[in-house]
Amino acid sequence: MKGRIGAGLLAAALAAGVAQAQDRIGVELNKLESQENACRFYVVTEGSAEALESLKLDLVLFGRDGVIARRLAVELGPLRAESRSVRLFDVAGMSCGDVADILVNDVLACGEGGDPAACLDRLALSSRADVALVR
-8 MKGRIGAGLL
2 AAALAAGVAQ
12 AQDRIGVELN
22 KLESQENACR
32 FYVVTEGSAE
42 ALESLKLDLV
52 LFGRDGVIAR
62 RLAVELGPLR
72 AESRSVRLFD
82 VAGMSCGDVA
92 DILVNDVLAC
102 GEGGDPAACL
112 DRLALSSRAD
122 VALVR
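Using our numbering, you'd call the opening residue of the sequence shown number -8 and step up by one each time.
Rather than coming from a laboratory, the hints here were simulated on the basis of the structure. Every residue, glycine too, gets a C-beta built ideally from N, C-alpha and C. Incorrect hints may appear among the rest.
[To be verified] What follows is a set of in silico ranges between Cβ atoms, one per label pair, in the way DEER data are often shown:
id	residue 1	residue 2	range
1	D49	S74	30 to 38 Å
2	R71	Y33	17 to 25 Å
3	D106	E27	15 to 23 Å
4	N96	A42	35 to 43 Å
5	A64	E37	17 to 25 Å
6	R126	V58	17 to 25 Å
7	L99	R75	34 to 42 Å
Based on the sequences and whatever the hints tell you, model everything.
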């Protein structure tokens, strides 16, 4: 009897873990590219099980000296359910080599009327660039 209860609890825990992983919203800083008098950021998003009309992030860019270089809001939506998409944005007057890391300071919008704070917890951040994307 104990074995069946233990196995049932384990199965429930694994199912909850899978559901939580599927609920994640992947945000990857994929590449930085120098432009004339700007740095272009390529961001790859991986949608969760549900589509999101909007995913707007409050980002803080830190320079190599550790000082805040820029703060900006970027819209990464809409995100299709379980699909990848690429968004890019240019930060004028900034060299890519001057960026040390990027802080996702907050979520400003998440879906239609969704809770931005709950959405912040769902973000799975990563970076393929020499610049860290952190929370």
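For each hint, the structure was consulted:
1. D49 with S74: 30 to 38 Å: Once the Cβ atoms are compared, 24 Å apart, the range 30 to 38 Å for S74 and D49 is violated.
2. R71 with Y33: 17 to 25 Å: Distance hint for R71, Y33 holds at roughly 18 Å.
3. D106 with E27: 15 to 23 Å: violated (40 Å)
4. N96 with A42: 35 to 43 Å: violated (25 Å)
5. A64 with E37: 17 to 25 Å: Between A64 and E37, where Cβ atoms are some 21 Å apart, the hint holds.
6. R126 with V58: 17 to 25 Å: holds (20 Å)
7. L99 with R75: 34 to 42 Å: Roughly 22 Å apart at Cβ, these two residues miss the hinted range, so it is violated.
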